[in-house]
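Enquirer: Sequence:
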Amino acid sequence: MRFKASEALRFLGGLLAAVLLLGLLVLRVTSCAPLPATAPGLAPKPALAPAPPPPPPAQARADCSAHGWEQAANINASSLRGLPWAPFRRPEFGWETYAPLIAREIATACAPDTPAFASAFAAWQKRQGAQPSGLVSEIDFTRLKGVLQTRRPFVLLSAQGVCPTPPDEAALVSSRPDEGYGAKQVLLRPAAMAAYRRMVEAARVASPEIAADPRYLSLFSGYRSPAADAARCAEEGNCNGVVRATCSAHRTGLAVDLYVGQADGFPPDSSADPNRLAMTKGPAYQWLVRNADRFGFVNYPFEPWHWEWTGEQP
316 MRFKASEALR FLGGLLAAVL LLGLLVLRVT SCAPLPATAP GLAPKPALAP APPPPPPAQA
376 RADCSAHGWE QAANINASSL RGLPWAPFRR PEFGWETYAP LIAREIATAC APDTPAFASA
436 FAAWQKRQGA QPSGLVSEID FTRLKGVLQT RRPFVLLSAQ GVCPTPPDEA ALVSSRPDEG
496 YGAKQVLLRP AAMAAYRRMV EAARVASPEI AADPRYLSLF SGYRSPAADA ARCAEEGNCN
556 GVVRATCSAH RTGLAVDLYV GQADGFPPDS SADPNRLAMT KGPAYQWLVR NADRFGFVNY
616 PFEPWHWEWT GEQP
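In short: position in the sequence shown from 1, add 315, done, that's the working numbering.
Honestly, the hints are just simulated from the structure, not real lab data. Careful: at least some of the hints might be erroneous.
Derived pair list, reagent style SDA-like, types lysine to any residue, alpha-carbon separation capped at 20 Å [to be verified]:
(1) Lys441 <-> Arg458
(2) Lys499 <-> Ala509
(3) Lys596 <-> Pro616
(4) Lys499 <-> Asp528
(5) Lys596 <-> Ala485
(6) Lys499 <-> Phe535
(7) Lys596 <-> Gly626
(8) Lys596 <-> Leu395
(9) Lys596 <-> Phe408
(10) Lys596 <-> Thr465
(11) Lys596 <-> Ser585
(12) Lys596 <-> Ala438
(13) Lys499 <-> Ser522
(14) Lys499 <-> Pro583
Start from the sequences, fold in the hints, and give me the full structure.
Expert: See below:
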C-alpha cells in the first residue's frame, strides 16, 4: 500500500481542526453558557486538567517604576477606563473591573497604570508566547480569561458538552443563620461548606475591615436546583444569556455567591458595570483574589461575587 502525501496532509489538517475546536469551546464557556444535559449515571472526566493557580503576587513597593515601560503605562492608564470592548459578550468601557485579577495573575502588587504593571504584564505575555508589549488589550485578556476559566472544573466539563448531574439534595448541608446574607439558608456539599468556613475565618483574622462588617463573605446563593434555575431564567427572559443559564454551576452544590460589597443603589448581585467595579475595589474581593485559591476557590471573572470550590468534581 502506498502512503500518499495528500492523505497525510488531510489527516494533519483534521487533527489541527479538532484541537482548535476544543480550544474555542474552553474559551467561550462562562458560568452562564448553555450546556446540554448528560445521560443519567454518566460522569465523564474533564478533557483537560485544571490549570495550576497563579504565583503569589509580588510585595507592594513604594516605587512601581520600571525603566522603558513608561509609554505602555500611559496607554494602559488611558484604556483602563476608556477601552471599548466586550470581553463577556456585553459592551463595556475599560478593564478596571478586571485589574485585580490581572494583577494577581501576573504577580504584581503595583497599580494598573504604572510602568511596573506594564513590565509584569509584558513578562506574562512572553510566557504565553505573545508579543510582550505590556499593553492590556482585548486579545490578551481573552487569553488570560481562558487560563482563568480552565481552573474551573465546571468549565472543563462543559467543554465536552456535559451538564453535571445535580447532587442528592438530602446529602447537602445548610448554612448557619449568621453565614447567610440576611440569615438566608444556603445549601452546599459538605466539603465545600467546610472549605468556605475555613476561608471566611482566615479572612476575618487577616482583615479588620472584613471582620468589622458581618455581611462580608456571607452567602446569598449556593446550590440551586435545575428546576429553580430554569424557572428563574425563563421569568427574567434571559435564558442562556450573559447573566442566566438553564445549566448553571450552582446546580453542582460547589458554587457560591458571596457578599463582597455593592455600589449605592444596587443589590449585591447586580451585574451592572458600576456595581461590579465597586465590588472589585472593596476589601472582601481584594482579599479573595489574593487568597481564595489557597482554600480551593476560583472566580468567574465577570461576577466578582461568584466563586467555585474545586476540591471535588462537579
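Enquirer: If a hint holds in the structure, say so; if it doesn't, say that too.
Expert: Hint check:
1. Restraint check for Lys441 and Arg458: satisfied, since their Cα atoms lie roughly 12 Å apart, inside the 20 Å limit.
2. Among the hinted pairs, Lys499 with Ala509 is consistent with the structure: their alpha-carbon atoms are about 18 Å apart, no more than 20 Å.
3. Pair hint Lys596 plus Pro616 holds up; C-alpha atoms about 14 Å apart against a cutoff of 20 Å.
4. About 17 Å separates the Cα atoms of Lys499 and Asp528, which keeps this hinted pair within 20 Å; it holds.
5. At most 20 Å may separate the alpha-carbon atoms for a hinted pair to count; Lys596 and Ala485 exceed this at roughly 38 Å.
6. Taking the CA atoms of Lys499 and Phe535, the gap is about 7 Å. The hint holds against a cut of 20 Å.
7. Proximity of Lys596 to Gly626 is assessed by CA-CA distance (about 28 Å); at most 20 Å being required, the pair is judged violated.
8. Distance hint between Lys596 and Leu395 is fulfilled; the C-alpha atoms sit about 14 Å from each other, no more than 20 Å.
9. The straight-line distance between the Cα atoms of Lys596 and Phe408 is roughly 17 Å, inside the 20 Å bound, and the hint therefore holds.
10. Under the criterion of a C-alpha separation no larger than 20 Å, the hint pairing Lys596 with Thr465 is inconsistent with the structure, at around 25 Å.
11. Restraint check for Lys596 and Ser585: the C-alpha separation of about 15 Å stays at or below 20 Å, so the hint holds.
12. About 25 Å separates the Cα atoms of Lys596 and Ala438, which puts this hinted pair outside 20 Å; it is violated.
13. Distance restraint check for Lys499 and Ser522: the Cα-Cα separation of roughly 24 Å exceeds the 20 Å cut-off, and the hinted pair is therefore not satisfied.
14. Among the hinted pairs, Lys499 with Pro583 is consistent with the structure: their alpha-carbon atoms are about 14 Å apart, no more than 20 Å.
Hints 5, 7, 10, 12 and 13, counting from the list given before, are not met by this structure.
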